[in-house]
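There are 2 protein chains.
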Amino acid sequence: MNDLTPDETQDIPALMAGIGRRAKDAAAELAFAAPQAKRRALEAAAEAVEARAPEILEANARDMDFGRDKGLSDAMLDRLKLDETRIKGIVEGIRAVAAQDDPVGAVIAEWDRPNGLHIQRVRTPLGVVGVIYESRPNVTADAGALCLKSGNAVILRGGSESFHSSGVLVDCLRAGLRAADLPEDAIQLVPTRDRAAVRELLGMTEFVDVIVPRGGKGLVGLVQKEARVPVFAHLEGICHIYIDAAADAQMALEVVVNAKTRRTGICGAAECLLIHRDVVDTIGQGVIRALIDAGVEVRGDAELQKIAGVVPAGEDDWGREYLDMIIAARVVDDIDDAIAHIRHYGSSHTESILTEDDAAAARFFQRLDSAILMRNASTQFADGGEFGMGAEIGIATGKMHARGPVGAEQLTSFKYLVTGQGTTRP
Amino acid sequence: MNDLTPDETQDIPALMAGIGRRAKDAAAELAFAAPQAKRRALEAAAEAVEARAPEILEANARDMDFGRDKGLSDAMLDRLKLDETRIKGIVEGIRAVAAQDDPVGAVIAEWDRPNGLHIQRVRTPLGVVGVIYESRPNVTADAGALCLKSGNAVILRGGSESFHSSGVLVDCLRAGLRAADLPEDAIQLVPTRDRAAVRELLGMTEFVDVIVPRGGKGLVGLVQKEARVPVFAHLEGICHIYIDAAADAQMALEVVVNAKTRRTGICGAAECLLIHRDVVDTIGQGVIRALIDAGVEVRGDAELQKIAGVVPAGEDDWGREYLDMIIAARVVDDIDDAIAHIRHYGSSHTESILTEDDAAAARFFQRLDSAILMRNASTQFADGGEFGMGAEIGIATGKMHARGPVGAEQLTSFKYLVTGQGTTRP
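First to last, the protein sequences are chains P and D.
1012 is the number of the first residue of the first sequence in the numbering used here; add one for each residue after it.
1012 is the number of the first residue of the second sequence in the numbering used here; add one for each residue after it.
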C-alpha cells in the first residue's frame, strides 16, 4: 500500500508545521485576491471535477474497498460512496458557491462622526481554517470552496477511508487555484492517514485560526476538548418539536413525520416530541399514530403510554440523539413547560413550534436561545443549502462568532477603515 | 481593615461558583427583558451615581489612601482618582449607553426562500461576561452599563485598589436594576481582594461566556494564557503611523504630533513612525523637528540619525509599546516596505497612513489587517466613544467575534428564526 500512503513514514510535527506555514502564507495573499479571481478558480475547479469524474470514481472504488476491509457499517459506506449523481451534486455545489456574492471587502456598516471621520466596518477573511471530517468526500469540495470564497486558506483532514476520493477532489480544487493565478497552497489535504496529524492540527495556534470538525459525537467531542484554537461545531443535534395547543392538526402531522423520518441520520432530525396537554387526545393521538405507522418507535411518558404502540421512555431518553427511527415524546402542561424542557435537555441546535398562535410563537422565539428556532416548519431544514448559503462548512451551536449553518460569510471577520481630513483628537 | 474586606476569609471557589450561578440565572431573565426596562435601569443608575456622588468620593478617598500605602505610581493614582468632573463623566457615559438603540432582538438580516420559508437572523445576548480590570473605577460603570444594555449579566473583578469606589458604583447600578424590576444579580462585583478569585473566574466555563481583561500587558497576558473561555482583548497597542510620498506636509505634522503626544498612556498612541524615502528631507524633517520640540524622544534608524536630536534606535525599538514620550522612527522605500514592517512588528491594533493618494490609501487598507486602519487621522481615535458607541468595554485585536472597540452590539450573538406554513423538506 506504499503508493497509497506516501507520507506515512514522515515526521508528523514537521509535516504539519510545513502545511501550516504554507497555509498562512497563502492566506495572506488570498486575503486581497480579486472576487473575479476567486470565482474563476471555483469555476475551473468545478470543470476539473466534471472532467475527472472517471478518475474520482476509480479513487472512490479504492476507498470503498478499504472501507469494506475495515468493516465500516453500511451507513458509513453509503456516506463514503460517490456515483455520477453525487459527483454532479459536488459540481453544482462548487458552482453555487462561485455564484454567491463575495463576502470579503463588503461594507457591513458605515457612518460619519461629527468631527468628519468616516468609519466603515468591512469584512476580512479569518485566515486559516482547519477542517477535520469523517467519511463523506463531498465535505472536501464544500469546505474547500467555501474557504476559497471567503478568502481563507484551508487545511483539510479527511477520514482515512476517503483518502483517495478526497485526494483527487483536492487536486481539482488546486487546479482551479492555478488556473486563476492564486496560491495553490490555499487548499491543502493532509497527506497521511496517521491520527497524530489531527492532534498536531488542533494545537497549531501559530498557523490555524479556527477548526471545524464534521462528524459524529466522538470526533467533535475530541476536537472540542483538545483544540487550542476556536472551534465552530455542534456536539449533538437534539432537536425538539413542540405541538402547541393552537397547532393545526394536519400541519402537525405532516411536519412532525417529516422532521423525524425524512432522514434520521442528519443533525436536524427531530429527536423529541412535546405535546401540549390540551391536544394530546386529538392532534397528539393522530401524530403518534402516523409516526408509528411510518415505522418510528415512539418512547412516551406515562401519559402517552396509554396510546397503543407507544413504548415507555426511560429518564435517559430525554436529551438523547438517536439518529434513528426512534423519537422520545412527552406531554407538557403549557408552552413554558415545553420551553423549560428544551432548555434543560436541548443542545441549542434546532427546535420547532407548531402553532397558529402568534403570541405562542413569539414566546418560543424569544425565550429559547437555540441557534435555529422554527415555526410551522420541519427541523430538517437546518442546513446551509436550505438557508440559501450555497453550502455549509458545518453547523455551530456555540455563541461565539459563527452560529447555525456556517457559510462563506461567517468564515469572515472584519476591520474598521477610518478616513479623516488630517483629523486630530482634541 | 475587616470592615473593608468582608469576604476575605471565604471559600473562594464556592464564593465564585455562587456568583457564577446567580449571574447565569440573571442572564437567562435579562435576555428577554424589554428595551424600555433596560433603559429605565440605566437612567436610574445614572441618577443614583449623581445622588451618591459624595459617598463615591468618600469611598474613592479610602481607595486613594490604600493606593498610596501600597506605593502606587502617580500615573496609577491618577487613574484611580475620582473627582466631581470624573463622576459627571461616568453619569454621562451611562446616559449615553441608555440612549443608544437596543441591540437585542434587532434583525441583522432576513430573506425568503423559494419554498416559502422566511428566515431572520436576530441578535441575542452572549450570556455572562466576566470583566477583569485594574485601577480605573469608571470601567465598573462602562462595563456594567454596556453589559446591561446588551442583555448580558456581568461579573466585575476590579483592581484591589479601586475596591471601595467600584463597590459604591456597583450599588448604584444594582439600584437601577431594582428600579426597573430586573434581576439585581445581572451586575455583581467580586467581593474580595483575593487574587484566587481571578483564576477561578478564568476557569468557570459553566457560567462565563467571555472574559474581557482591561489593563496592562501583564494582566492581559495572564488572562489570555489562563482563560478557559473566549477572551476579547488586546495585548498591546503598537500603533504605526506612515507618512506616504503623497502626504500633505501640514497635515502630517499635526496628525503625527497628536497621535504621539495627546495622551501617551493609551493603547491608541502612536509608537512607531514610518517615513517614505522621497519625503524624508522635506515632510519627515519637519515632523521629526516638531516631535522633538514637543518633548518626544525620537529613536531613529541610521538615516534619520542624520537629523539633529534623533537618538539611535536599537533592534528592540521596533514593535515596542512605550506608552511614553518616545517614538521609534525609520525610513521605508515605499508603501509595500511600510506594510511589510507593520505586518512584522505590529500588534493588529491601529495603523494610520497619511496620504493624498487614493491608490496608496486603498493598498494600505486592503493589505493590512489590523482591527483599525486609518487615513489622514490620528491613531488616538481608536476608542469606542470616538467611534460613536457610547462607551467601550475594551478593544479587541483577535479575529473571532469582536474586533476593534467593543460596544454593546459586539457583546451579542445571534439566532435564526425560521417561519413556514407547515413547510416540510422534500
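Rather than coming from a laboratory, the hints here were simulated on the basis of the structure.
Heads up, some of the hints might be wrong.
One copy or two, it doesn't matter: identical chains are merged, so the pair holds either way.
[To be verified] Think about it this way: if two alpha-carbon atoms lie no more than 30 Å apart in a straight line, the pair counts; the simulated DSBU-like pairs of lysine-lysine are:
#, residue 1, residue 2
1, 1236, 1317
2, 1228, 1081
3, 1236, 1035
4, 1081, 1236
5, 1081, 1092
6, 1426, 1228
7, 1092, 1228
Of the hints given before, which are not true for this structure? When the structure is compared with the hints, only number 1 turns out to be violated.
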